[in-house]
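Participant: Sequence:
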Amino acid sequence: MTEFLPRFTYLGYQTYFIGLALAIEWGLHYRRLWRQRRHILVAVALITLYGGGLDAWAVSQGWGWFNPRLITNVWFGPLLLEELTFWIGTALATVSAAHIFTDLEEAGTPWWRLPADFIVDADAVQALKEWTRSSPGST
0 MTEFLPRFTY LGYQTYFIGL ALAIEWGLHY RRLWRQRRHI LVAVALITLY
50 GGGLDAWAVS QGWGWFNPRL ITNVWFGPLL LEELTFWIGT ALATVSAAHI
100 FTDLEEAGTP WWRLPADFIV DADAVQALKE WTRSSPGST
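First residue of the sequence shown: 0, per numbering that gives the first Met the number 0; consecutive thereafter.
No lab work stands behind these hints: they were computed from the structure.
A few of these clues could be false.
Stated by the list, open to error - Okay, derived cross-link-like pairs now, DMTMM-like style, lysine to aspartate or glutamate, Cα gap no bigger than 25 Å in a straight line:
no. : residue 1 : residue 2
1   : K128      : D102
2   : K128      : E104
3   : K128      : E105
A quick note: this is a predicted structure, and the numbers were derived from the prediction, not measured.
Use the sequences and the hints to build the structure in full.
Facilitator: Below you can see the structure in the form of structure tokens.
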């Protein structure tokens, strides 16, 4: 058991950090991103094919090194599971963030409010304000 768990060290770190970014982006902007899902999937596929291809070539040339004790040693063709997770995860997080910021800019959000609106969806706040104004007992 003590030799089994370290094999997931690199994958665990990736899953945690990339997963946290994706959870924040998709958790706060699900509707906005879901409407753009086809564009996002195509962009992620292209980035993963290009970056993953270059990565596979670099590894085949002896560039880079992984501690064999800290990787799963699960391969998808010439790429480790950890590298495939990296390319898909970072591409998804980056493309999702780009869509969120683009939508916010197109909606006329001032540049100084973009970070706050990224975290607190302005549409959701506005809908909540309207709902509270129209609910019974509100003034």
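Participant: Starting from K128, check that the Cα of E104 is at most 25 Å away, please.
Facilitator: holds (22 Å)
Participant: Tell me if the straight-line CA distance from K128 to D102 falls inside 25 Å.
Facilitator: holds (21 Å)
Participant: Hint check: K128 vs E105, CA-CA at most 25 Å. Holds or violated?
Facilitator: This hinted pair holds, its Cα atoms lying about 22 Å apart.
In terms of the numbered hints stated before, the structure departs from none.
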